[in-house]
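Dock chains B, C and D against chain A, hints included.
There are 4 protein chains.
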Amino acid sequence: MKLIYFADTKRKEVAEAVEIFRKFAEGKAEILENCFGRKNCADYAGIADIAVVIGGDGSILHAAHSLLGAGIPAAGINMGRLGFLAEFSIEHLEEHFNQIFEGRFAVEKKLLINCEAAKKDGTVERVCALNDIAINSGRPFNTIEMEIEVNSSPVTSCVGDGIVVCTPTGSTAYNLSAGGPIISNDVEAVCITPLNPHSLSFRPVVVDSRKVIQIYPISVNDGSSVNADGQTIAELKDVESIKIEKSPQNFEIISNPDSTEWDALAYKLKWAQKPHYKENLEE
Amino acid sequence: MKLIYFADTKRKEVAEAVEIFRKFAEGKAEILENCFGRKNCADYAGIADIAVVIGGDGSILHAAHSLLGAGIPAAGINMGRLGFLAEFSIEHLEEHFNQIFEGRFAVEKKLLINCEAAKKDGTVERVCALNDIAINSGRPFNTIEMEIEVNSSPVTSCVGDGIVVCTPTGSTAYNLSAGGPIISNDVEAVCITPLNPHSLSFRPVVVDSRKVIQIYPISVNDGSSVNADGQTIAELKDVESIKIEKSPQNFEIISNPDSTEWDALAYKLKWAQKPHYKENLEE
Amino acid sequence: MKLIYFADTKRKEVAEAVEIFRKFAEGKAEILENCFGRKNCADYAGIADIAVVIGGDGSILHAAHSLLGAGIPAAGINMGRLGFLAEFSIEHLEEHFNQIFEGRFAVEKKLLINCEAAKKDGTVERVCALNDIAINSGRPFNTIEMEIEVNSSPVTSCVGDGIVVCTPTGSTAYNLSAGGPIISNDVEAVCITPLNPHSLSFRPVVVDSRKVIQIYPISVNDGSSVNADGQTIAELKDVESIKIEKSPQNFEIISNPDSTEWDALAYKLKWAQKPHYKENLEE
Amino acid sequence: MKLIYFADTKRKEVAEAVEIFRKFAEGKAEILENCFGRKNCADYAGIADIAVVIGGDGSILHAAHSLLGAGIPAAGINMGRLGFLAEFSIEHLEEHFNQIFEGRFAVEKKLLINCEAAKKDGTVERVCALNDIAINSGRPFNTIEMEIEVNSSPVTSCVGDGIVVCTPTGSTAYNLSAGGPIISNDVEAVCITPLNPHSLSFRPVVVDSRKVIQIYPISVNDGSSVNADGQTIAELKDVESIKIEKSPQNFEIISNPDSTEWDALAYKLKWAQKPHYKENLEE
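Going down the list, the protein sequences come from chains A, B, C and D.
Residue 532 is where the first sequence starts when you use our numbering, and the numbers rise one by one after that.
Residue 532 is where the second sequence starts when you use our numbering, and the numbers rise one by one after that.
Residue 532 is where the third sequence starts when you use our numbering, and the numbers rise one by one after that.
Residue 532 is where the fourth sequence starts when you use our numbering, and the numbers rise one by one after that.
None of these hints come from the bench; they were simulated from the model.
Model, not experiment: these values are computed from the prediction.
Mixed in with the good hints, there may be bad ones.
Given that identical chains are not distinguished, each listed pair holds provided it fits within a single copy or across any two copies.
Unchecked claim - Computed list of lysine-lysine pairs in DSBU-like fashion (alpha-carbon distance at most 30 Å, straight line):
no., residue 1, residue 2
1, 774, 640
2, 651, 805
3, 805, 541
4, 777, 641
Okay, chain A solo, but in the shape it has when bound (with noise of 0.2 Å):
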């Protein structure tokens, strides 16, 4: 087997783990290259069978832009602490990645959602996200308002800070902190949530991610912006509308086959944990 990896081993965790996580892979895998920091590797296509990501589950969202086009799995390595992503852990690679080296492993497919900025100018900003994207105001109480649209057909207006689209992925990121709802991994769904809107009334609303979502503009402010996996893609004020539909692509990642989503929820968000109450239902 072939892999190329992603670490950033400036980070000297990292590069500790790296060379773990080499002596382990001698005489089992072909280690191709570190592929931190570079934009696309669609040239690795048909030649490395895997990626694997050394860090945690933002390394992987960084990874996850790369790999588009290359059409390999990624496998996360964790160094200590469970994510959503990273499954695995870099103390416990003998449980697993001799299975992965032979190629026994599953692979779970992440919806990834393109998004297309039509700017005032004529031009578009294309981007491909697997957590969000968001529209968010600039400065606080300069309010922004927008009208969506789901398929042509007029859904709502959204006047506050702004507006999250989030993948299944994504729904336990930003969109958590702004009150949406989690959306399990297996679901063909995006979740678009307001943030902090001025209606009492609004609610975070799941849609069927073969729909098309429209987004425009109604009033922005100056330092409004489209960011796509936390990163600013546009200016709010040079766009005209916001395309985010479901992309033909998706996002390959090997599951840890000993892990459930609900454990890294429970873990990682202390999801649904109980309060220090049995005293008081014993009573």
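Relative to the frame of chain A, chains B, C and D by itself:
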């Protein structure tokens, strides 16, 4: 075209609407029977072409249960108020029903969920729901605890006043009151939403409807119950486990081509209504 | 110093804690009686100096009701778990109780609310609550409707599963499960929080505790009830109106100088716990 | 009676309203000056009896800052839309202003909060706010972290897009969009509400307004700012600590005897509006 209908003619405005409908249908469709109150209309399978429900969303909810097995689509006629399910208006029959009587209509398939409550005495209560399965505690402060599994994978435990598992149709009913998201009609998912959970960190979870949800009561109290579309089907203290899964059947509803689900949200729930802020925004 | 105590000695760990406490108190304080289960301890006014409650927050809630009229402060001793009210630990008596037995302690005054439920038969149920008055519907989906007035000024009507009116002490109990805010101890306010409201736009309201809150049932169902600190005091269908106002009395509790209310929030409710995000933040 | 007024007469409808007001006031009150745009009107202390603000709530917010030190109450006149602060209508001057010009009016005291941002260069920014102090992060996903203390007691840290500390007046503004509770006017409290917190378990906290709130930036990003009533007063990266406490002054506003704060909530925010459910309830 042959049709059955559902109408609670003891209600004066419903009786009047039936008269209006009868007159309008004369010579265009053959009206077979008022099936209101009948538990099962499966004998009309292959005989009636459609079912017309005259009343509000609640009437359609009841009719949906009767029509299981009949396999005919329903058209809901409201009396003045747009509904999520009762999409047609008695005041504008001519706009849509000429076409419907000619068999020209689009059908929307609504996800149904089956619930099996396995009881300690070995019997099983089975029911099908269009909106939701709700597990509710009895008198307040006697909180209940349940374990939740999805496809045999432990998800979390839930301590509080109960839990709701809803379909997209039911997402705008009890689920919404409990803080859950709106789920668009064609999303293949159900939502698990806690009722007044003790955990500060519990959030609604949207799960693929092809998954099987199991709920195990851990500690319950007198008066706790399992409810399908608002009807109690079992006392929770008699129940060992509750299995919820997608029904192989759908509820088919004739949709109004001039109205979207977003219209109903805006009208019925005053969803996403803007505040009277305009003046401020201009300043 | 003379003291009474409250301890449910049928519970083994409570009985053991009582023994530890008795030994510790020997020669330092005179222990008069175990008042557990007594409804009224007003006869100890002027006789006992303090009341010691051995148990959790639930035990103190019960003792608070018994101590109305006695006018003596209570010290809560938990058995291993910090509580909002049970601030002292049986394992560290020497740290605080030597001082307490010498009369050196600070007292925190907790707001109590009086509730008068005026019944249709002309009688009035009166009760005093430390946590909250909750009005709950019976079986699910049989939503209830109430009109709320503050100082005779109509505030709003509320359709849903009910309503909670809580003190600052009770803000971390049922109110929090229902989505209400945390109210710090010394705020002179109560919070009105709806239970699963039908209105998307309902929000909790914090009201000056010197105001009088009136609640009028508009439509109720069998099984709806009025509850004070978790105990049913009236069936809602028998009730014409419910008046809630600040009690002229307070519940006095001896506070732990080494612990803040924020400690209890962080410990008991895992309030504001950070996710395991650190790695991401560094990236 | 002598009065000053605030009116942005560049706005046509405001200029027209000023004319209506002038005519109405002729012979009843002496109009001194349009103070719109003036930063400080303290020189009118003892000279003018009241200030009249013609515009919406935003206009009054601006005027409130100018009137600090003048010690005269303000009456807000809206142009067609009821406001929280602009309680009188230009269309119904005769209903209330004859009495007001005779000095017969009730004044409502609004809590003001002082904010001191101590900067790393040793200087201090001081500002007084009627609505809120908001600390906001810059570009999205660059979350910030702050430590919060109340009366020198550590409360919690907060990771997310920022934090809002609001007065009761401000509770219906940014705080409400961020999920905070409504706080009635006469409650002596402020509310600390997080903006898109990373912690699932963070809840708004209502704190006695006599307490001192200290906020310490732990990790910030470029573009993070400290804002008072929507105006940026400092870049967060230059700030060492932020102290928020009750101002010894109040903002005095002439209240409309025919309108309650609940009316404004229902009108402006469509608070607690019932859904179009009636039909269902009847069924």
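Please sort residue 805 with residue 541 into within, between, both or neither, judging by C-alpha distance up to 30 Å. So residue 805 and residue 541 pass the 30 Å test across copies only (26 Å; inside, 39 Å).
Please work out whether the CA atoms of residue 774 and residue 640 approach to 30 Å or closer within one copy, between two copies, in both situations, or in neither? Both, since 23 Å and 27 Å are each at most 30 Å.
Tell me, please, which holds for residue 651 and residue 805 at an alpha-carbon limit of 30 Å: within, between, both or neither? For residue 651 and residue 805, only the inter-copy Cα distance (27 Å) is at most 30 Å; the intra-copy one is 51 Å.
Measure nothing new, just compare the shortest in-copy and cross-copy C-alpha distances for residue 777 and residue 641 to 30 Å and report within, between, both or neither. Close inside one copy (11 Å) and across copies (23 Å); limit 30 Å.
Against the hints set out earlier in the document, no violation occurs for any number.
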